[in-house]
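Novice: Sequence:
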Amino acid sequence: MEYGLHILCSFRCILFVFVFVFSCFRLSYCAIIEQLIKPKAAKSSGCDLFQGSWVYDDTYPLYNLSICPFIEPEFDCQRNGRPDKLYLKYKWKPNGCDLPRFNGEDLLRRIRGKKIMFVGDSLSLNQWQSLTCMIHAAVPNRHFSILRKDDLSTFTLQEYNISVMISRNAFLVDLVREKIGRVLKLDSIENGKSWKGVDMLIFNTWHWWLHKGSRQPWDYIQKGHTIYQDMDRLSAFKEGLTTWSKWVNSNINPSVTKVFFQGISPTHYDGTEWNESNSTTCKGQRQPLSGSLYPGGLPPPVAVVKEVLHSMSSPVTLLDITTLSQLRKDGHPSIYGIGGNKGNDCSHWCLAGVPDTWNLLLYAILVSG
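Using the numbering used here, the first residue of the sequence shown is number 8, and each one after it goes up by one.
These are calculated hints, taken from the structure and not from any lab test. Only a predicted model underlies this, so the values are computations on that prediction, with no experimental measurement involved. Each hint should be verified, as a subset may be incorrect.
Below 30 Å or equal to it, Euclidean Cα-Cα: the simulated DSBU-like pairs (lysine-lysine) are [stated by the list, open to error]:
hint : residue 1 : residue 2
1    : Lys253    : Lys96
2    : Lys122    : Lys92
3    : Lys219    : Lys156
4    : Lys230    : Lys186
5    : Lys230    : Lys203
6    : Lys349    : Lys253
Given these sequences and hints, build the entire structure.
Specialist: What follows is the structure, encoded as structure tokens:
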């Protein structure tokens with residue numbers, strides 16, 4: 008009887024060990040498979056950095072704009088007379104995690120010897136100005152230079168051999184002057200030559216595709232050999248962005264150059280988007296929207312951007328700034344931009360302000376990568 012019990016106990020022990028080992032193997036195998044099929048996205052430790060809400064933080068802003076010596080007047084809302092300061096005190100809190108606190112000296116170590124270039128319209132200028140102010144605030148006593156030539160501005164920090172550039176190119180594709188007038192060429196990127204040899208590229212385009220009348224910078228649109236007086240703007244945008252994507256696929260070595268797309272920066276000219284009257288704009292707004300969802304939903308170009316990026320063979324990281332920026336109806340210059348009371352700028356952003364968070368997200372991705 009004792010012998011039988013001994014055999015039974017031994018069998019149970021062996022069975023337990025087998026089940027334990029098999030379970031561990033299965034869990035490890037499943038974990039490996041999960042990693043293999045997990046889609047690439049701008050996430051940190053399993054947290055979606057772009058879903059969250061704005062929370063008050065008295066330690067903000069990240070820098071004192073009064074000591075940033077190269078800020079563009081149209082973004083300097085405090086100097087232009089904006090009386091409130093609450094909009095400076097909000098930080099982005101992703102759902103389920105925290106963004107790393109910006110460490111300028113750590114960023115400088117990571118990008119030492121690198122060239123960074125923003126390419127796009129004045130929203131790219133907004134983000135470039137933000138990043139250069141954040142870097143300068145980290146090492147305010149280090150020598151820097153700003154060189155502006157034509158559509159290219161370069162911030163250089165000599166001690167770190169770092170260049171942060173902005174190339175003003177509102178469409179990414181070519182806009183050329185010909186005998187018939189100004190032609191927007193949806194199939195051409197001759198100006199892309201200046202983007203080569205850069206360690207990090209951050210692209211942006213959208214707002215200028217909507218301009219009409221006297222603000223429209225082209226007379227004709229060319230697609231292939233066909234010339235159009237005009238065409239559906241979203242369709243033209245998709246054609247141009249597809250041309251850009253092909254250029255990146257063919258000209259960028261992902262082992263050398265990291266490529267980001269800024270995403271679509273929203274405007275706040277129509278209050279019905281956040282459940283107010285259609286005559287309500289960003290003017291006079293003092294606080295962000297609460298929660299994580301924007302009542303008006305995403306603007307149409309967001310889907311186009313995601314579709315084009317998804318089709319690319321070369322990796323491009325989307326800085327998916329749209330929803331988090333939509334919640335900041337309080338963050339625009341409004342009448343405290345360069346036009347004063349004559350204008351109402353609900354497109355660009357005050358600095359310090361929302362673009363600092365765009366760069367903080369960029370920093371978080373670099374840290375996690």
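Novice: So, for every hint listed, does it hold in this structure?
Specialist: Hints versus structure:
Proximity of Lys253 to Lys96 is assessed by CA-CA distance (about 41 Å); at most 30 Å being required, the pair is judged violated. Straight-line distance between C-alpha atoms of Lys122 and Lys92 comes to about 34 Å, which puts the hinted pair past the 30 Å bound. With a C-alpha separation of about 28 Å, the suggested pairing of Lys219 with Lys156 holds against the 30 Å cut-off. For the suggested pair Lys230 and Lys186, the alpha carbons sit about 17 Å apart, so the restraint of at most 30 Å is met.
Pair hint Lys230 plus Lys203 holds up; C-alpha atoms about 25 Å apart against a cutoff of 30 Å. Of the pairs offered as hints, the one joining Lys349 and Lys253 is violated, with about 42 Å between alpha carbons and a cut-off of 30 Å exceeded.
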